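Undergrad: Residue strings, one per chain:
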Amino acid sequence: MPAQDELRSTLDQLHTHLQKQTYNQTTPLLSRAKLALLHLNALIPTPDTPRAHLLLARETLELGALLAIRQRAHDTFTRYFQQLQPFYALPESVLPAAGGHASKITGLYLLQLLSQSDYLSFHMLLETLESEGGGVRMGDKEVQYPVRLEQALMEGSYDRVWGETKGSGVPDDEFRMFSEVLIPSIRHEIASCSERAYASVPMANAKNLFFLDSEGAVAQFAKERGWSIQDGRIYFPNQEELTAGDKDIMSTSGTVIENTLGYARELETIV
Amino acid sequence: MVDEMEGVEKTHVEEEVEESAVTTIKANFALLERAVVQFDSRFTLRALRSISSIRKKLDDKTLFEVIVTTYNVGDETANVLIKAIGISGAQAKKIVQEIEKRDNATLEATKKKDVIPEVDIYLAVLIQVFLYDNKIYDRGASFSSVLVDRIRSLNRRTLDSLAARAYFYLSLFFEQLDPKPPSKQSQVIDMRGKLLGALRSAVLRKDTDTQAAVIVLLLRNYVSTADIAQADALISQSEFPSTAPNNQLARYMYYLGRIRAIQLLYTEAHEHLTSATRKAPTNTVAVGFYQASMKFLVVVELLMGDIPDRSLFSQPKLENALEPYFKLVQAVRAGEMQGFLKIVNEYGPVFRRDGTHTLVLRLRQNVIRTGIRRLSLSYSRISLRDICIRLGLESEESAEYIVAKAIRDGVIEATIDHEKGFMQTKQAGDVYATREPAEAFHERIKACLSLHDECVRAMRFPMNQHRLELKNAQEARERERELAKEIQDGDIDEDDAAGDFDGL
Chain H
1 MPAQDELRST LDQLHTHLQK QTYNQTTPLL SRAKLALLHL NALIPTPDTP RAHLLLARET
61 LELGALLAIR QRAHDTFTRY FQQLQPFYAL PESVLPAAGG HASKITGLYL LQLLSQSDYL
121 SFHMLLETLE SEGGGVRMGD KEVQYPVRLE QALMEGSYDR VWGETKGSGV PDDEFRMFSE
181 VLIPSIRHEI ASCSERAYAS VPMANAKNLF FLDSEGAVAQ FAKERGWSIQ DGRIYFPNQE
241 ELTAGDKDIM STSGTVIENT LGYARELETI V
Chain G
1 MVDEMEGVEK THVEEEVEES AVTTIKANFA LLERAVVQFD SRFTLRALRS ISSIRKKLDD
61 KTLFEVIVTT YNVGDETANV LIKAIGISGA QAKKIVQEIE KRDNATLEAT KKKDVIPEVD
121 IYLAVLIQVF LYDNKIYDRG ASFSSVLVDR IRSLNRRTLD SLAARAYFYL SLFFEQLDPK
181 PPSKQSQVID MRGKLLGALR SAVLRKDTDT QAAVIVLLLR NYVSTADIAQ ADALISQSEF
241 PSTAPNNQLA RYMYYLGRIR AIQLLYTEAH EHLTSATRKA PTNTVAVGFY QASMKFLVVV
301 ELLMGDIPDR SLFSQPKLEN ALEPYFKLVQ AVRAGEMQGF LKIVNEYGPV FRRDGTHTLV
361 LRLRQNVIRT GIRRLSLSYS RISLRDICIR LGLESEESAE YIVAKAIRDG VIEATIDHEK
421 GFMQTKQAGD VYATREPAEA FHERIKACLS LHDECVRAMR FPMNQHRLEL KNAQEARERE
481 RELAKEIQDG DIDEDDAAGD FDGL
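Chains H and G, in that order, are what the protein sequence lines are. UniProt numbering applies: residue 1 is where the first sequence begins, and numbers increase by one. UniProt numbering applies: residue 1 is where the second sequence begins, and numbers increase by one.
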């Protein structure tokens with residue numbers, strides 16, 4: 001089987017590239033691998049695809065997914081993830097879960113959804129894992145990691161998020177790729193919370209608060225958000241003034257009139 | 001002696017039961033025929049409604065007797081139905097002999113009138129019920145598949161409500177086949193094609209009964225394997241018929257609520273689940289449905305930051321089933337993290353079975369928030385360290401961020417002093433100076449008005465009644481015209497009148 005042998009050698013090359021972290025030649029190699037899969041008719045699993053081909057196909061797609069993450073090509077990764085789904089749904093007797101990276105890929109996908117703040121898809125995917133129908137278990141550490149992050153984010157324990165992304169809790173190198181996306185977004189979350197919660201904060205404390213490296217970075221960040229700095233303290237714009245307009249009855253007389261007219265019309269239909 | 005007597009009595013009673021089942025089924029045939037003649041589905045629905053009472057007495061002998069006395073000997077449909085019951089040859093022979101003895105005529109000799117397809121399908125649905133109750137799932141599944149194909153090929157509008165029922169049992173059978181959902185190899189996944197096909201033809205034929213039933217079944221199917229994305233796509237691509245029967249609407253609302261809850265759209269979920277629980281039958285028939293939708297409603301209410309009424313849990317129908325949820329509510333209300341985690345662990349399997357587990361896990365943040373709110377109400381100033389200890393949080397930094405987020409999200413009105421490490425509660429403003437009372441008032445008026453609209457819509461208007469009125473009006477007009485003509489002609493009336501006056 002020449003196609004199979006060719007695929008094997010292409011995959012080996014891809015593995016070396018992944019280890020050496022040289023990504024510039026991987027795209028043509030992947031295209032060649034997928035072409036070979038098409039020749040084997042194994043890009044989409046059918047009931048009579050032989051197991052050897054299924055294993056090869058899964059390996060190819062997983063490699064593609066991991067390489068996409070390394071190159072920060074998130075759309076490509078999503079595509080690979082979706083192509084992998086039919087393979088992960090196969091029963092254990094047809095395609096054993098061992099040797100595959102179902103948990104890792106799923107965990108990475110969850111993390112990607114989290115970094116894009118797509119909580120809707122995140123929870124929909126989580127629901128499928130909860131039902132324990134597929135090969136991916138909730139208890140796997142690769143899946144637990146994004147779940148823990150989401151929980152901390154929802155609660156507001158941002159220091160835990162920070163700790164998770166830095167510490168040893170990160171399951172794999174690929175997961176670290178998302179930290180650089182997540183940290184700015186939590187920094188902005190903290191900033192919007194701080195605006196409401198504090199009147200002012202000293203520069204030195206703000207450095208820790210926003211997980212920034214130096215006071216210079218703090219000043220830069222404050223400027224971005226439009227905060228004023230005086231005597232080494234950050235003053236947040238007064239929120240009271242911003243919301244005062246809302247509470248004014250006079251400004252809402254329009255809605256009151258509209259509602260009353262609405263009631264009148266409804267009453268007319270009833271009587 | 002005594003034993004014998006009892007035995008005799010027992011067989012006597014049994015016979016009577018069988019007899020009554022046979023007659024009820026046969027009485028329903030008349031209803032079905034009327035439904036076809038008058039083209040009114042209400043008669044069909046009445047026949048279907050009696051299934052729940054027939055169900056308890058249904059067995060293979062009854063069904064067999066009904067079939068052999070309804071169809072001519074050697075009828076093809078009858079043979080298919082008899083095969084589906086799976087009655088043994090010897091037993092069949094015995095029943096035939098009994099009937100022949102009773103009626104004093106052989107079955108071959110008595111000629112029966114032609115049987116309408118509605119009766120065929122009604123019997124088939126009864127067989128489905130029988131097979132399901134006796135747990136003969138394999139045969140039931142294959143029989144149901146044949147049945148729905150037959151219904152689709154018949155394409156009669158008077159079959160619609162029967163078809164809806166047939167699809168319902170079809171999907172029940174497939175759910176029972178191994179491997180059961182949520183396994184990814186479950187046979188329910190293979191059935192989706194059939195259901196989607198049924199939905200397509202139901203929509204094209206304006207068959208709202210089947211359409212409603214099949215949409216609900218598909219949603220149930222998707223939810224059973226947790227394919228929420230697909231379920232969501234189905235909801236957005238299909239339209240649930242507004243004339244659907246109440247029970248289908250209740251089910252639809254329930255699944256819609258579940259899906260929206262998973263998608264974090266709690267307000268929508270709450271709305272749908274509330275209408276599901278309100279539309280659920282209040283008698284004892286559908287307690288399970290009521291309980292299931294109540295469970296979700298409770299969790300969604302908690303997720304929205306509300307605490308469900310205590311009286312809810314003292315309803316006799318809910319008391320036992322909702323006990324874990326009652327404890328959950330207590331833990332969230334108290335804002336106790338430890339207690340909450342304990343309950344999640346203890347009742348984990350229950351929540352998982354109910355499908356609420358992921359939702360319950362999301363409650364963690366609500367527990368913390370309720371805790372913070374309680375603290376902010378009771379203290380005007382509290383140190384972050386104390387908050388951390390009371391709520392069982394990991395660190396003071398966590399506490400600070402959590403409180404800040406709570407302030408941002410409007411859970412509490414407070415400020416944090418970072419250097420001194422405490423939370424200062426703001427004086428609560430006068431709520432009547434804001435727009436809030438007006439908004440609440442508006443909400444209530446809107447609810448009342450929509451209730452009125454719904455009531456009007458829910459009333460039943462008899463078919464063609466307005467035509468009758470029109471006809472009456474027309475007749476009256478005609479009489480008037482005749483009268484006018486007579487007056488104009490002036491032959492009798494004026495004389496009469498004149499005569500009258502003469503008399504005076």
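What the hints contain is simulated information worked out from the structure, not anything from laboratory work. None of these values were measured; they are calculated from a predicted model. Watch out, some of these pointers could steer you wrong.
What the hints assert, rightly or not - Straight-line alpha carbon distances no greater than 25 Å define the calculated DMTMM-like cross-link-like pairs of lysine to aspartate or glutamate that follow:
#1 G:LYS342 - H:GLU189
#2 G:LYS446 - H:GLU266
#3 G:LYS420 - H:GLU189
#4 G:LYS180 - H:GLU266
#5 G:LYS342 - H:GLU130
#6 G:LYS446 - H:GLU195
#7 G:LYS180 - H:ASP5
#8 G:LYS471 - G:GLU482
#9 H:LYS166 - G:GLU397
#10 G:LYS194 - H:GLU215
#11 G:LYS420 - H:GLU130
#12 H:LYS207 - G:GLU397
#13 H:LYS20 - H:ASP48
#14 H:LYS166 - G:GLU346
#15 G:LYS342 - H:ASP231
#16 H:LYS141 - G:GLU482
#17 G:LYS446 - H:ASP213
#18 H:LYS207 - G:GLU419
#19 G:LYS180 - H:ASP48
#20 G:LYS426 - H:GLU195
#21 H:LYS207 - G:ASP409
#22 G:LYS420 - H:GLU59
#23 H:LYS207 - G:ASP232
#24 G:LYS327 - H:GLU59
#25 G:LYS180 - H:GLU130
#26 H:LYS141 - G:ASP409
#27 H:LYS207 - G:GLU482
#28 G:LYS279 - G:ASP232
#29 H:LYS223 - G:GLU346
#30 G:LYS420 - H:ASP213
#31 G:LYS420 - H:GLU215
#32 H:LYS223 - G:GLU419
#33 H:LYS166 - G:ASP232
#34 G:LYS426 - H:ASP48
What the hints assert, rightly or not - One-sided excerpt, in silico: chain G residues whose CB lies under 7 Å from chain H:
#35 GLN185
#36 ALA226
#37 LYS405
Built from N, CA and C at the ideal position, the CB exists for glycine as well.
Undergrad: Taking the hints in turn, state whether each one holds.
TA: Hint check:
Straight-line distance between C-alpha atoms of G:LYS342 and H:GLU189 comes to about 31 Å, which puts the hinted pair past the 25 Å bound. Restraint check for G:LYS446 and H:GLU266: the C-alpha separation of about 10 Å stays at or below 25 Å, so the hint holds. Between G:LYS420 and H:GLU189, the direct Cα distance comes to roughly 23 Å. Compliance with the 25 Å bound is thereby established for this hinted pair. Of the supplied pair hints, the one linking G:LYS180 and H:GLU266 is violated, its CA atoms being roughly 51 Å apart against a limit of 25 Å.
Among the hinted pairs, G:LYS342 with H:GLU130 is consistent with the structure: their alpha-carbon atoms are about 20 Å apart, no more than 25 Å. Proximity of G:LYS446 to H:GLU195 is assessed by CA-CA distance (about 36 Å); at most 25 Å being required, the pair is judged violated. Distance check on the hinted pair: G:LYS180 and H:ASP5 sit about 39 Å apart at the alpha-carbon level, beyond 25 Å; violated. For the given pair, G:LYS471 sits about 16 Å from G:GLU482 by alpha-carbon distance, which is consistent with the 25 Å threshold.
A C-alpha spacing of about 16 Å is found between H:LYS166 and G:GLU397, which places the hinted pair at or below 25 Å, so the restraint holds. Distance check on the hinted pair: G:LYS194 and H:GLU215 sit about 65 Å apart at the alpha-carbon level, beyond 25 Å; violated. About 44 Å separates the Cα atoms of G:LYS420 and H:GLU130, which puts this hinted pair outside 25 Å; it is violated. For the hint pairing H:LYS207 with G:GLU397, the CA-to-CA distance comes to about 13 Å; that is within 25 Å, so the pair holds.
A distance of roughly 36 Å separates the Cα atoms of H:LYS20 and H:ASP48; the hinted pair therefore is violated under the 25 Å criterion. With a C-alpha separation of about 33 Å, the suggested pair H:LYS166 and G:GLU346 falls outside the 25 Å cut-off, and the hint is violated. For the hint linking G:LYS342 to H:ASP231, the alpha-carbon distance of about 49 Å lies beyond 25 Å, and the restraint is violated. Between H:LYS141 and G:GLU482 the CA atoms are separated by roughly 93 Å; this puts the pair beyond 25 Å, and the hint is violated.
Taking the CA atoms of G:LYS446 and H:ASP213, the gap is near 54 Å; set against the 25 Å cutoff, the hint is violated. This hinted pair checks out: H:LYS207 and G:GLU419 have alpha carbons roughly 13 Å apart, not beyond 25 Å. Proposed proximity of G:LYS180 and H:ASP48 is supported: the alpha carbons are some 24 Å apart, at most 25 Å. Proximity of G:LYS426 to H:GLU195 is assessed by CA-CA distance (about 16 Å); at most 25 Å being required, the pair is judged to hold.
Between H:LYS207 and G:ASP409 the alpha-carbon distance is near 23 Å, which keeps this suggested pair within the 25 Å criterion. Taking the CA atoms of G:LYS420 and H:GLU59, the gap is about 56 Å. The hint is violated against a cut of 25 Å. Annotation: proposed proximity of H:LYS207 to G:ASP232 is violated, straight-line Cα distance about 44 Å (limit 25 Å). For the given pair, G:LYS327 sits about 47 Å from H:GLU59 by alpha-carbon distance, which is inconsistent with the 25 Å threshold.
Simply put, G:LYS180 and H:GLU130 have alpha-carbon atoms about 16 Å apart, close enough for the 25 Å limit, and the pair holds. Taking the CA atoms of H:LYS141 and G:ASP409, the gap is near 31 Å; set against the 25 Å cutoff, the hint is violated. The straight-line distance between the Cα atoms of H:LYS207 and G:GLU482 is roughly 100 Å, outside the 25 Å bound, and the hint therefore fails. About 22 Å separates the Cα atoms of G:LYS279 and G:ASP232, which keeps this hinted pair within 25 Å; it holds.
Between the alpha carbons of H:LYS223 and G:GLU346 the distance comes to roughly 50 Å, so the proposed pair goes past 25 Å and is violated. Restraint check: the Cα-Cα separation between G:LYS420 and H:ASP213 comes to about 23 Å, which is no more than 25 Å; the hinted pair holds. Distance hint between G:LYS420 and H:GLU215 is fulfilled; the C-alpha atoms sit about 21 Å from each other, no more than 25 Å. Between the alpha carbons of H:LYS223 and G:GLU419 the distance comes to roughly 22 Å, so the proposed pair stays at or under 25 Å and holds.
Between H:LYS166 and G:ASP232 the alpha-carbon distance is near 36 Å, which puts this suggested pair outside the 25 Å criterion. Proposed proximity of G:LYS426 and H:ASP48 is contradicted: the alpha carbons are some 69 Å apart, above 25 Å. The restraint placing G:GLN185 at the interface with chain H holds, with a minimum CB-CB distance near 5 Å, inside the 7 Å limit. A cut of 7 Å between beta carbons decides the hint on G:ALA226: the least distance to chain H is about 4 Å, and the hint holds.
Annotation: interface hint on G:LYS405 holds; nearest CB of chain H at approximately 3 Å, less than 7 Å.
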